[in-house]
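From first to last, the protein sequence lines stand for chains A and B.
Note that the first sequence covers residues 170 to 491 in the numbering used here.
Note that the second sequence covers residues 21 to 285 in the numbering used here.
In case anyone wonders, no lab produced these hints; they're calculated from the structure.
Don't take each hint at face value.
[Unchecked claim] Derived list of chain A stretches under chain B, where covered just means 3 residues or more per stretch with a C-beta under 8 angstroms from a C-beta of chain B:
id : region
1  : 252-263
2  : 308-316
3  : 337-347
4  : 416-422
5  : 433-443
6  : 465-478
[Stated by the list, open to error] Some chain B residues judged to face chain A by a derived CB distance under 7 angstroms, without partners named:
id : residue
7  : Gly146
8  : Gly149
9  : Pro257
10 : Arg264
11 : Pro269
[As the list claims (entries may be wrong)] Computed far set for chain A versus chain B, every beta-carbon distance over 10 angstroms:
id : residue
12 : Lys171
13 : Asp180
14 : Leu198
15 : Gly203
16 : Ala287
17 : Val350
18 : Ser373
19 : Leu387
20 : Val401
Idealized CB from N, CA, C, for every residue including glycine.
Here's the letter readout for the chains.
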Amino acid sequence: MKDIWVFVEQDSGVVEEASLEVLSKARELADTRGFKVTGVLLGKDVRGVAARLGRYGAHKVIVVEHPLLESYIGELYAKIVGDLIEERSPDYFLASATRNGRDLAGRLAVRFRTGLQAHVIHIDIADDGSLVGHVPGFGGNIVAVVRNVKGRPQMATVALGVFRPREAWGEAEVEVVEARVDPGKLRVRRVEVVKGGYVDLSKSRRVVVAGMGTGGDLTLVRELAKLIQADVAVSRPLSDMGIAPKDIYVGSTGVSLNADLAIVVGVSGAPHFVAGIRNVKTVISINKDPEAPIAEYSDYFAVGDLFEILPKLIEKLRTTGG
Amino acid sequence: MSLRNIIVTMKVTPKPEEIRFDPVTKTIDRSKATNEINPADRNALEMALQLKERYGGRVIVVSMGPPFWEPFIRLAVAMGADDAVLVSDRALAGSDTLPTSLTLARAIQKIGDYDIVLTGEESSDGGTGQVPPGIAEWLGIPHVTYVTSIEVVGPGRARVKRTIKGGYEILEVDMPFLASVELGCNTPRFPDFRRKRWAEREFKLKTWSIADLGLSPEEVGFKGSATTVDTLIELKPPERLRRRITGTPDEIAEELARIIRELLR
Ligand SMILES: Cc1cc2nc3c(=O)[nH]c(=O)nc-3n(C[C@H](O)[C@H](O)[C@H](O)COP(=O)(O)OP(=O)(O)OC[C@H]3O[C@@H](n4cnc5c(N)ncnc54)[C@H](O)[C@@H]3O)c2cc1C
Ligand SMILES: Nc1ncnc2c1ncn2[C@@H]1O[C@H](COP(=O)(O)O)[C@@H](O)[C@H]1O
């Protein structure tokens, strides 16, 4: 029976939600073809969470435990997962297109001289067994229908937030494999981790998005957001400049919003940005350039200076009680 | 302690907003798009130049692409790169990330004597981010992706800062290693005016064919690729009302307030 492997990413025992999305999608594919889904989980003490992965679609979970595996390290993870693949020859290998998922898959694909599709937004297995995926490019405006023609396992990373995790299945069989880690041989070692509070804006109902037009001053944006109980997001350059955390920028390399309402101020609407507001129900934008590309991606496009409009808007919303 | 070669991979990409899709032929029309050095690769080059300024070494740019990329590679030399190689060969057309990473790895090996290989985090056209870890695997060296800074901390050892979900981590890496550099993590310098004239007129750019790298046509291009593109589809922007709101700031604010109140109800 053909086997679809899914890399299940975790950090300090917490499973990455995007991995569950891939698991459930893999199971749907497997069920239509009579294949099997195997989750691959590396971590410190993770066998407790392994069985639970069955509910999201895994028939089986291979667990590799070692204190050094608590968080992702590319070289080490790629070695361990690669050795497992070599030993057991799965037919397919999927990971979510997180930073770590891309990092791992890129290395493994070369080790096995096999095809790897990037951040697919649609995935299927053709009758001849080849993996077919839709790979967005140029910021997301153009999608290539890509087919793997060589190598095993056939690989793809899956875009985040495209598929929904489903808790629709049962317990998974768990196999614990002994970790072969020689700490003396590690060429990459973790020294320090610094984490702030992570916010997942893909679940926010209302969002105010600030762009470079704000000049990096988010005071008015925060005020408006607070007033209408919205979260604050930004365009990528503001994160790059260190004005906002990197988890809150919208776009092809950042978060994809699924909000009912997004108010987008001082954003030009570059392809890499608008990829992140596709699924927003209503988009309101403010831009002083009447030709700004964001106009085409907006339901309401206000032409004007955000520093003149926002204070008045805040005042009006406040006096009428929002 | 001085660093040996610092090799930067660099490609040239069309500006994504200027790409047009022809729905009839289902092809991408790049002819009207302005080309530029892939944005993240400019950050990689800037990081390389700063490393050189601090620790010594030679910065060498490696690119795999058509001959028309040459002026952009000379631009990288004008920015401060000491040497540059363009791998160009008809047989490379249609390469996916497998032969691309192979070809770049071979070129890096041919240059040799390197401590650090820097790439961009991803390219703005293909945008896979797969090439960097792929190159590292071909070379058999460790890699770290999404790096924002590098500091040499001892003989053959560096500390790198890597962006992760919710923050960053500091990793210690043995040289030689590959790092993919995060887009926007520094401000790339402008080319020096005098150097620019020299780079355009006198600098001798190395151009290598696949034969120079010991590669056969079967290993690269369409034949060497493990994926194929069946067709291209245009993803149209979602249907939007596209209503324009104009007037004085007060009139606009009034109208927006009305719309927002309506939506929040
Ligand atoms: C590989 C790659 C990946 C990328 N990924 C992303 C991504 O995921 N997300 C992302 O956002 N970007 C991404 N980018 C960058 C993207 O291409 C754009 O550069 C970026 O989105 C521009 O941000 P911006 O619209 O805020 O700034 P700008 O393009 O500078 O636009 C600022 C806008 O503000 C307007 N403005 C200025 N002052 C005022 C004012 N007072 N009142 C009203 N309006 C004003 C201007 O008219 C302008 O339209 C990526 C780029 C590359 C190459
Ligand atoms: N043809 C190429 N020539 C030189 N460098 C490349 C090429 N393709 C990819 N790269 C490097 O790999 C990085 C990631 O590219 P990609 O994996 O295509 O998103 C880029 O930022 C470049 O530094």
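Evaluated hints:
Note: the region 252-263 of chain A has 0 residues with beta-carbon separation from chain B under 8 angstroms; the three-residue rule is not met and the coverage is violated. Residue count for the region 308-316 of chain A with a Cβ under 8 angstroms from a Cβ of chain B: 9. That meets the three needed, and the coverage hint holds. Here the region 337-347 of chain A counts 0 residues with a CB under 8 angstroms from a CB of chain B, which misses the bar of 3, and the coverage is violated. Counting residues of the region 416-422 of chain A whose C-beta lies closer than 8 angstroms to any C-beta of chain B gives 3; at least three are required, and the coverage claim holds.
Chain B is given as covering the region 433-443 of chain A, and this holds because 4 residues of the stretch bring a CB closer than 8 angstroms to a CB of that chain, at least three being needed. For the region 465-478 of chain A, the assignment as covered by chain B holds, since 12 residues bring a beta-carbon within under 8 angstroms of that chain's beta-carbons and 3 suffice. Given the 7 angstroms rule on beta carbons, the hint for glycine 146 of chain B holds: about 6 angstroms separates it from the nearest Cβ of chain A. Annotation: interface hint on glycine 149 of chain B holds; nearest CB of chain A at approximately 5 angstroms, less than 7 angstroms.
At a threshold of 7 angstroms, the smallest CB-CB gap from proline 257 of chain B to chain A is about 6 angstroms, leaving the interface hint in force. Interface hint at arginine 264 of chain B: satisfied, since its Cβ lies 5 angstroms from the closest Cβ of chain A, which is below the 7 angstroms cut-off. Hint status for proline 269 of chain B: holds, given a least beta-carbon distance of 4 angstroms to chain A, under 7 angstroms. Once the 10 angstroms rule is applied to beta carbons, lysine 171 of chain A is consistent with being away from chain B; the minimum gap is 18 angstroms.
Listed as a non-interface residue, aspartate 180 of chain A fails to keep its Cβ farther than 10 angstroms from every Cβ of chain B; the least gap is roughly 7 angstroms. With a least CB separation of 18 angstroms from chain B, leucine 198 of chain A remains clear of the 10 angstroms interface cut-off, as annotated. Distance check for glycine 203 of chain A against chain B: the nearest CB is about 25 angstroms away, which clears 10 angstroms, and the non-interface claim stands. The beta carbon of alanine 287 of chain A is not kept farther than 10 angstroms from every beta carbon of chain B, the shortest such distance being approximately 4 angstroms.
For valine 350 of chain A, the requirement that its beta carbon stay farther than 10 angstroms from each beta carbon of chain B is met, with the minimum near 15 angstroms. Every CB of chain B is more than 10 angstroms from the CB of serine 373 of chain A (nearest about 14 angstroms), matching its label as outside the interface. In this structure leucine 387 of chain A is separated from chain B by more than 10 angstroms, as the shortest Cβ-Cβ distance comes to about 18 angstroms. The beta carbon of valine 401 of chain A sits about 16 angstroms from the closest Cβ of chain B, which is more than 10 angstroms, so the claim that it is off the interface holds.
This entry does not satisfy hints 1, 3, 13 and 16, going by the numbered hints stated previously.
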